[in-house]
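S.K.: Counting from 109, one number per residue, gives the positions in the sequence shown under the numbering used here.
Calculated from the structure, these hints are not laboratory results. Quick caveat: nothing in here was measured; it's all calculated off a predicted structure.
Each computed DSS-like pair below joins lysine-lysine, with the alpha-carbon atoms no more than 30 Å apart:
1. K474 with K400
2. K463 with K223
3. K400 with K421
4. K421 with K463
5. K473 with K400
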Amino acid sequence: MQPSVLVSALLLLVCLGSVQPTASSVSPPTHNVSLSSVLSRSAAILGQAAQSALLALTDGLDSLLEEVQTQLDGRVAASQAELVSRIDSMKTELDGRIDSLKIELDGRTDNLDTKLSDRLSELSGRLSELSGRLDEISAGRTTGVRLPRDCSDLESGSVSGVHLLQPGLEPSQRPVAAYCELPADGGGWTVIQRRADISPREDFFRGWAAYREGFGELDAEFWWGLQHVRALTAARDRRYELRVDLEDFDGARRHAVYQGFRISSEEDGYRLRAVNYTGTAGDSIGGHSGMKFSTVDRDQDSHSAGNCARNHKAGWWFSACHSSNLNGPYLAGQHDSSADGVNWQAWRGYHYSLKTVTMKIRPTKKL
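Go ahead and model the full structure; you've got the sequences and the hints to work with.
M.R.: Structure, rendered in structure tokens:
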């Protein structure tokens, strides 16, 4: 039964209650109709109407719920299908990226293998060359022939590059390979240190033994070795000068020359002497003159509160601590940290790490 049935029943009840019989129009009733019986009948009618309306409402709600459920099922199925499609698309894209990365990695690996092979071939050739030179040295010792003491002793016409030297005056001094700069800045330079924007990068945060013996590649970044520098500068028949060439990442270049240069023995801590500055870079080594060499495992600086070599991650002639640190970490230009890069304070300050540095020596006087 629809809700309109309930309304009709209510209207009927109202009508029954409002009709009043008159003396002229209605004959006397044959029996009495009580109010309670009318109300009972009305209540019965209303109950049936309400029950019918409730059943109709329930049926409507069930139908509505079924319709909503059907729509939800359809939307869920569509969402699941869309999600599966997106996952498949992402998987396809990721598979493509993985394949692309594999191809790129294979290419880089092949390129690295080629470079490594070329490097090994180059080193093999150099070893063969040095082996031949050592044979010449062995033969020369029996005939009294001596190798050049430093790069200024090389024969006329020699080219820049790696050469075998025999530093010092002692005949028993073992030969050592060195990089010679021959035409530059008047020629005859023995390079004792180089920093450059070269890969792979050389680690200069090393201990005493490494700085004494030397490390790195002579055609890349290297430290020649304190013992070799000592052997050259200890001889009294020659006086050496130090030249430092500097370049920043803008291509600007400066240099500093110290016309009096030498270092003392290991027993004295390889103490530095660098005096009589000239040049364009400003003097950032003169203040270190008189200082012993310090490393992370041998603190010989004048800083009472710490180890400068440890703090600045390099071996150097630290005082407390430095106005130059050419062996510092390669930070490639401007940096926020202070005094811990390849620094030359007098030119670019403590917050700039230089691009290239070359330290080289040659005799100014031969007796």
